[in-house]
Amino acid sequence: MVFVKRIVLDVLKPHQPNALEFSSSIAKAGSDYRVHLTVIEVDERTETLQIEVVGNAIDFEAVQSTISDMGGSLHSIDEVEVQSETDAG
Amino acid sequence: MVFVKRIVLDVLKPHQPNALEFSSSIAKAGSDYRVHLTVIEVDERTETLQIEVVGNAIDFEAVQSTISDMGGSLHSIDEVEVQSETDAG
Amino acid sequence: MVFVKRIVLDVLKPHQPNALEFSSSIAKAGSDYRVHLTVIEVDERTETLQIEVVGNAIDFEAVQSTISDMGGSLHSIDEVEVQSETDAG
Amino acid sequence: MVFVKRIVLDVLKPHQPNALEFSSSIAKAGSDYRVHLTVIEVDERTETLQIEVVGNAIDFEAVQSTISDMGGSLHSIDEVEVQSETDAG
Amino acid sequence: MVFVKRIVLDVLKPHQPNALEFSSSIAKAGSDYRVHLTVIEVDERTETLQIEVVGNAIDFEAVQSTISDMGGSLHSIDEVEVQSETDAG
Amino acid sequence: MVFVKRIVLDVLKPHQPNALEFSSSIAKAGSDYRVHLTVIEVDERTETLQIEVVGNAIDFEAVQSTISDMGGSLHSIDEVEVQSETDAG
Amino acid sequence: MVFVKRIVLDVLKPHQPNALEFSSSIAKAGSDYRVHLTVIEVDERTETLQIEVVGNAIDFEAVQSTISDMGGSLHSIDEVEVQSETDAG
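So the sequence lines, in the order shown, correspond to chains A, B, C, D, E, F and G. Quick note on numbering: our numbering labels position 75 of the first sequence as 75, and the sequence is numbered without any gaps. Quick note on numbering: our numbering labels position 52 of the second sequence as 152, and the sequence is numbered without any gaps. Quick note on numbering: our numbering labels position 62 of the third sequence as 262, and the sequence is numbered without any gaps. Quick note on numbering: our numbering labels position 2 of the fourth sequence as 302, and the sequence is numbered without any gaps. Quick note on numbering: our numbering labels position 70 of the fifth sequence as 470, and the sequence is numbered without any gaps. Quick note on numbering: our numbering labels position 28 of the sixth sequence as 528, and the sequence is numbered without any gaps. Quick note on numbering: our numbering labels position 88 of the seventh sequence as 688, and the sequence is numbered without any gaps.
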């Protein structure tokens, strides 16, 4: 099977919810996610974020809908790391 | 549950209390916080600081009110790292 | 015998399938592949990718046909690491 | 309790006492201090120093009065690292 | 005795054989060679490569004739690491 | 007690004795000194050196007189690292 | 005693013997020398090399005469590392 181990996303969000709530909600989408959010640019109404999610088996669709639910919009996927593993591995 | 493991804040403070007292007060807000304060710019009446707090479960609101209590103002959250952990983990 | 341990490829792909599906398909071509996809440039209809595949014995032709099957085109091989190993090794 | 683990100071000193005597005196203010003095600029009558003190529980006031006693003047605190520790820790 | 442990070569090759076949052939010249090929520049008919070979006792002449046999030409030796070892070592 | 663990010196020397003899003489001033001499600039009659001495308890005056004895002149102390240690440590 | 542990030399050599033969001959001057030769510049008749020799007790004069014997000329000693060791050490 192939598991997603790491994704780096370019995301635009309104000022609220703040960076802490935003990253926490994404982390809640999985049981072992580590989310590293960096604010790249602050504009009058929005913030551009780089969001890195690391985990053993990231559910990309769950991450994506969490971002939409909080009013964010996914601009692009910048990096992906996936790993093919045999079942015994 | 989701725990905040690291935050990087952009903070403005008056010259008093000094950087040492400022960082110590923030550290007192938790039982295992490591606070790394860097003075970025010194102006006539204020100092711009980068404050990194690392801990196992950072209470952001406690950090934020400590900053306000000392006359500082939180300009922005620059980075956040959060971790989702199962209870057994 | 000589085994391919790592290849770095310069690839052009249409926007669909997205970076996640693209890298997962390549990873499925082997039982232990780690695929690290980085989006280098986004144009109107295409994306330029750097794709690094790491594994113990990479089957380059399988990687290459997976890329073609998804509508991608291999522009160049940028790096290769191979290892000669004796059978007992 | 909160302990000061590392401070970086910007200090001006006359040419005498020299950098070796200056840093040794600061180290004597504690039982485990490591002092790393770097001469940043040499002027006709003074030298600008960066002084980093690392220890388990730095006594900032003792460091500060040692600097004054040797004719130095503390221009600014550039960095501070503090750690909150429970008594059992 | 003196053993060659690492060489870095500047090599020009035609487009065929490709980088994968080229590096694999060089690796076959020894029983433990690790070959790291990087494409530096692609021209109309040729490619400039940096080829690093790492091994316990590299046979430079074997590497050199493999390069010639595939139509490549060795422009220069850029780096060499050799080690003198006593027999017991 | 306070021990000098590392000093970085800016030194001018005539071409003779050469860098090897110069650094060896400084190392002889102690029983465990490691001396790392780097030639920064070569002029018609002199060479500017950076000399780093590392040891458990460097005797600065011995280093200084060795430099003078060989015709060198100490331009400045660029860095000092000292450590306060309790007798039991 | 003082032992030379590492020297970095700036050397000019004719094109023949090549970099591989040149470094191997230097390595043969000792029983444990590691020689790292980097070609810095290639001119019509000569090559400028940086040669780093690492060993437990480098015999500088043996290195120097090996260089001369192969038609090379030592332009300068760029770095030296020496270590003072007690006999028991």
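Hints were generated in silico from the structure; no laboratory data involved. C-beta atoms are modelled at their ideal positions from N, C-alpha and C, and glycine is treated no differently. Just so you know, not all the hints are guaranteed correct.
[Unchecked claim] Listed next, the in silico PhoX-like pairs over lysine-lysine satisfying Cα-Cα at most 20 angstroms (straight line):
1. E:Lys405 <-> G:Lys628
2. D:Lys328 <-> D:Lys305
3. E:Lys428 <-> E:Lys405
4. C:Lys228 <-> A:Lys5
5. B:Lys128 <-> A:Lys28
6. C:Lys205 <-> C:Lys228
7. E:Lys405 <-> C:Lys228
8. F:Lys528 <-> F:Lys505
9. F:Lys528 <-> G:Lys605
10. F:Lys505 <-> D:Lys328
11. A:Lys5 <-> A:Lys28
12. B:Lys105 <-> B:Lys128
13. G:Lys628 <-> G:Lys605
14. D:Lys305 <-> B:Lys128
[As the list claims (entries may be wrong)] Here chain D is said to cover these stretches of chain B; the calculated rule only asks that three of the stretch's residues, wherever they fall, bring their Cβ under 8 angstroms from a Cβ of chain D:
15. 113 to 120
16. 130 to 139
Status of the hints after comparison with the structure:
Distance restraint check for Lys405 of chain E and Lys628 of chain G: the Cα-Cα separation of roughly 14 angstroms lies within the 20 angstroms cut-off, and the hinted pair is therefore satisfied. For the given pair, Lys328 of chain D sits about 16 angstroms from Lys305 of chain D by alpha-carbon distance, which is consistent with the 20 angstroms threshold. Using a Cα cut-off of 20 angstroms, the hinted pair Lys428 of chain E and Lys405 of chain E holds, with the two alpha carbons roughly 16 angstroms apart. A distance of roughly 14 angstroms separates the Cα atoms of Lys228 of chain C and Lys5 of chain A; the hinted pair therefore holds under the 20 angstroms criterion.
With a CA separation close to 28 angstroms, the supplied pair Lys128 of chain B and Lys28 of chain A exceeds the 20 angstroms bound. Taking the CA atoms of Lys205 of chain C and Lys228 of chain C, the gap is near 16 angstroms; set against the 20 angstroms cutoff, the hint holds. Proximity of Lys405 of chain E to Lys228 of chain C is assessed by CA-CA distance (about 36 angstroms); at most 20 angstroms being required, the pair is judged violated. As the CA atoms of Lys528 of chain F and Lys505 of chain F are separated by approximately 16 angstroms, the hinted pair is consistent with the 20 angstroms bound.
Distance hint between Lys528 of chain F and Lys605 of chain G is fulfilled; the C-alpha atoms sit about 14 angstroms from each other, no more than 20 angstroms. Distance hint between Lys505 of chain F and Lys328 of chain D is fulfilled; the C-alpha atoms sit about 14 angstroms from each other, no more than 20 angstroms. Proposed proximity of Lys5 of chain A and Lys28 of chain A is supported: the alpha carbons are some 16 angstroms apart, at most 20 angstroms. Restraint check for Lys105 of chain B and Lys128 of chain B: the C-alpha separation of about 16 angstroms stays at or below 20 angstroms, so the hint holds.
A hinted pair counts as satisfied when its Cα atoms are at most 20 angstroms apart, and Lys628 of chain G with Lys605 of chain G qualifies at roughly 16 angstroms. For the given pair, Lys305 of chain D sits about 14 angstroms from Lys128 of chain B by alpha-carbon distance, which is consistent with the 20 angstroms threshold. Look at the region 113 to 120 of chain B against chain D: 3 of its residues bring a Cβ nearer than 8 angstroms to a Cβ of that chain, three or more, so the hint holds. Counting residues of the region 130 to 139 of chain B whose beta carbon lies closer than 8 angstroms to any beta carbon of chain D gives 10, which reaches the threshold of three, so the coverage claim holds.
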